[in-house]
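Number of protein chains: 2
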Amino acid sequence: MLHLLGIDAGGTSTRAMLLTGDGTCLGIGRGGRGNPVSDGVEPAAAAIGTAVAGALSFAPEVQPAAITAVTLAMAGGSIGGPDAPWLRPTLDDLGVRAPSRIEPDLLAMFASGTHEPDGYGLVAGTGSTAVRVRGGEVDLTADGLGWLLGDKGSGFWIGHQIARAVAAHLDGRGPATSLTPAVLLALGVTETAEIDRNGRTASLGHLVTAVYGASPLRLASLAPLAFADTADAVSTEIVAEAEAALAELVLDVAVPELTGPLVVGGGVATQPRVREAVVGTVRARGVTGPVHRVDDGLVGAGVIALRRAGILVDAEIFTRLAETTASRRG
Amino acid sequence: MLHLLGIDAGGTSTRAMLLTGDGTCLGIGRGGRGNPVSDGVEPAAAAIGTAVAGALSFAPEVQPAAITAVTLAMAGGSIGGPDAPWLRPTLDDLGVRAPSRIEPDLLAMFASGTHEPDGYGLVAGTGSTAVRVRGGEVDLTADGLGWLLGDKGSGFWIGHQIARAVAAHLDGRGPATSLTPAVLLALGVTETAEIDRNGRTASLGHLVTAVYGASPLRLASLAPLAFADTADAVSTEIVAEAEAALAELVLDVAVPELTGPLVVGGGVATQPRVREAVVGTVRARGVTGPVHRVDDGLVGAGVIALRRAGILVDAEIFTRLAETTASRRG
Numbered sequence: 006m007l008h009l010l011g012i013d014a015g016g017t018s019t020r021a022m023l024l025t026g027d028g029t030c031l032g033i034g035r036g037g038r039g040n041p042v043s044d045g046v047e048p049a050a051a052a053i054g055t056a057v058a059g060a061l062s063f064a065p066e067v068q069p070a071a072i073t074a075v076t077l078a079m080a081g082g083s084i085g086g087p088d089a090p091w092l093r094p095t096l097d098d099l100g101v102r103a104p105s106r107i108e109p110d111l112l113a114m115f116a117s118g119t120h121e122p123d124g125y126g127l128v129a130g131t132g133s134t135a136v137r138v139r140g141g142e143v144d145l146t147a148d149g150l151g152w153l154l155g156d157k158g159s160g161f162w163i164g165h166q167i168a169r170a171v172a173a174h175l176d177g178r179g180p181a182t183s184l185t186p187a188v189l190l191a192l193g194v195t196e197t198a199e200i201d202r203n204g205r206t207a208s209l210g211h212l213v214t215a216v217y218g219a220s221p222l223r224l225a226s227l228a229p230l231a232f233a234d235t236a237d238a239v240s241t242e243i244v245a246e247a248e249a250a251l252a253e254l255v256l257d258v259a260v261p262e263l264t265g266p267l268v269v270g271g272g273v274a275t276q277p278r279v280r281e282a283v284v285g286t287v288r289a290r291g292v293t294g295p296v297h298r299v300d301d302g303l304v305g306a307g308v309i310a311l312r313r314a315g316i317l318v319d320a321e322i323f324t325r326l327a328e329t330t331a332s333r334r335g
Numbered sequence: 006m007l008h009l010l011g012i013d014a015g016g017t018s019t020r021a022m023l024l025t026g027d028g029t030c031l032g033i034g035r036g037g038r039g040n041p042v043s044d045g046v047e048p049a050a051a052a053i054g055t056a057v058a059g060a061l062s063f064a065p066e067v068q069p070a071a072i073t074a075v076t077l078a079m080a081g082g083s084i085g086g087p088d089a090p091w092l093r094p095t096l097d098d099l100g101v102r103a104p105s106r107i108e109p110d111l112l113a114m115f116a117s118g119t120h121e122p123d124g125y126g127l128v129a130g131t132g133s134t135a136v137r138v139r140g141g142e143v144d145l146t147a148d149g150l151g152w153l154l155g156d157k158g159s160g161f162w163i164g165h166q167i168a169r170a171v172a173a174h175l176d177g178r179g180p181a182t183s184l185t186p187a188v189l190l191a192l193g194v195t196e197t198a199e200i201d202r203n204g205r206t207a208s209l210g211h212l213v214t215a216v217y218g219a220s221p222l223r224l225a226s227l228a229p230l231a232f233a234d235t236a237d238a239v240s241t242e243i244v245a246e247a248e249a250a251l252a253e254l255v256l257d258v259a260v261p262e263l264t265g266p267l268v269v270g271g272g273v274a275t276q277p278r279v280r281e282a283v284v285g286t287v288r289a290r291g292v293t294g295p296v297h298r299v300d301d302g303l304v305g306a307g308v309i310a311l312r313r314a315g316i317l318v319d320a321e322i323f324t325r326l327a328e329t330t331a332s333r334r335g
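So the protein sequences, as listed, match chains U and W. Just so we're aligned, residue 6 is where the first sequence starts under this note's numbering, counting upward by one. Just so we're aligned, residue 6 is where the second sequence starts under this note's numbering, counting upward by one.
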């Protein structure tokens, strides 16, 4: 029996699965942040090791040395080469002797939603990226360039727009919004009626102190507030602009001759109203395949592992892998 | 003879002047970054000390102990109180016994352009702020909230938009722009025709590495590139949006009953085409006073010093101060 490891190493957390050649997930494990580019090679290797050890623990009957391949899905390309030499000592410690190979995280995300070889993927969480998949490989990627250079419509972008709208409200330049008390509360800023010597509310000064006192990326944590009050005009406008940007991102990679499913992942893109708006827009402009929602790239890492081992992943194998993975997640 | 010190302590550099009660500038000096909020109290005090020592060196006949007041114009309000106790040891070392008093940098900028007690100020350099001045005091401030929370139309904002436009061009999502070679050159990125495994130009990856490898604020240094090619549609659109935002910022503080000059400062707002566009827009909407361009808040720090000493700064005294300061600058 063929045994493989599929790993989905992300900037927030890492997941690994042990699977067999017929698409049965034997066990899954979790670890911390596993991206060697953003987190450093040693912490990433440790997080991935934790996840792999967790997956192996479900199947003590499987000899780690009998695993024939390791597929590592992650963003940011290959540090030190496509076989991840920085992960070798960690795998050796676990008794895993198989070679590893890095694959694009976006491809794993896409393959978590479908076994079709062609289609489109959209991930909008903290960042936003779209991908065109052709013949089971990434054909084109758009955006995913991070909070400073791109990612319009992402969680960071929404949180940033929210914070700016609240600052404009408190500064008297922008319209009143129910986001203001929500954002001040989320950032631990006490609202006050006090006015400072520049004729402005003291709450504004406290907001400035709180925002510049933390990493800019913390603004992404404000994004869910945009969905809290559907009657608020400021929130509604920000969400509508995000929806339009994410639809545009899918259309940036779409070509008429390539049809196939649209796989959607990430905390923003999977918000029901965002997903519906994006799907409505792209359908009207020719992207008409079925829509699949995914939580992460774990199933897809398994799908890619199977394919790299020469196994054709058909509907039956895909369904088995998706269902056995779901049951292991509990 | 009354002797006073006026200091304009900024986030980029610091200027100080020694002046007499009739508005004669006896000497000016310069120092480094002098904002205790952003630069720390000790470096700021040292920079201010350097500037004051430079100003005093022009007039060895003036006893530092005979100086009766120190006016310190700076952003960010009063650390440790309006009399800047953190500056006391530095002044003592220079033999200056006079009390100091912090004043808003925007007020000094305004008073550098006019002796009128009422009017409006607009500063757009790295950041952007507008101010309404009434009776020689700040009546209302708008924006100046920094690169994350505000400052639309500022040098940071323009540089950031430029970088995003170049990223979108290289990513195939946005229109081609002559900004691309200019920005890559400015950031030390070598253009290449090489394509990476995601189907994107390798130049994009190098841009990402360069931008995220430095402080976000470095993007402000790209702003001048927006004015280089007036035939480039992408540049033109970014500059036009900045102009509209800066005009809106003036209108945010404007009220019909307060007339007076508009004083304009900062590297963006004093660009001829930006100034003309802003002035054209605000004139059409009721802000019709004369427009004065200033380089910094040094003359204004002197004006405020005179006023706090009980001297009425009329046109004669103002002109003398502006002219003697200009001749000291050389």
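Some hints here could point you the wrong way.
[Stated by the list, open to error] Among chain U residues calculated to face chain W with C-beta under 8 Å, some are:
{"hint": "1", "residue": "Gly141"}
{"hint": "2", "residue": "Asp144"}
{"hint": "3", "residue": "Ala147"}
{"hint": "4", "residue": "Gly155"}
{"hint": "5", "residue": "Leu263"}
[Claimed, not checked] Now the stretches of chain U that chain W is said to cover, found in silico as 3 or more residues with beta-carbon under 8 Å:
{"hint": "6", "region": "48-56"}
{"hint": "7", "region": "114-125"}
Bear in mind the hints are in silico, worked out from the structure with no lab data behind them. By construction, the Cβ of each residue, glycine as well, lies at the ideal position given by its N, Cα and C atoms.
Against the structure, the hints come out as follows:
no.	hint	in the structure
1	Gly141	violated, 14 Å
2	Asp144	holds, 6 Å
3	Ala147	holds, 6 Å
4	Gly155	holds, 6 Å
5	Leu263	violated, 13 Å
6	48-56	violated (count 0)
7	114-125	violated (count 0)
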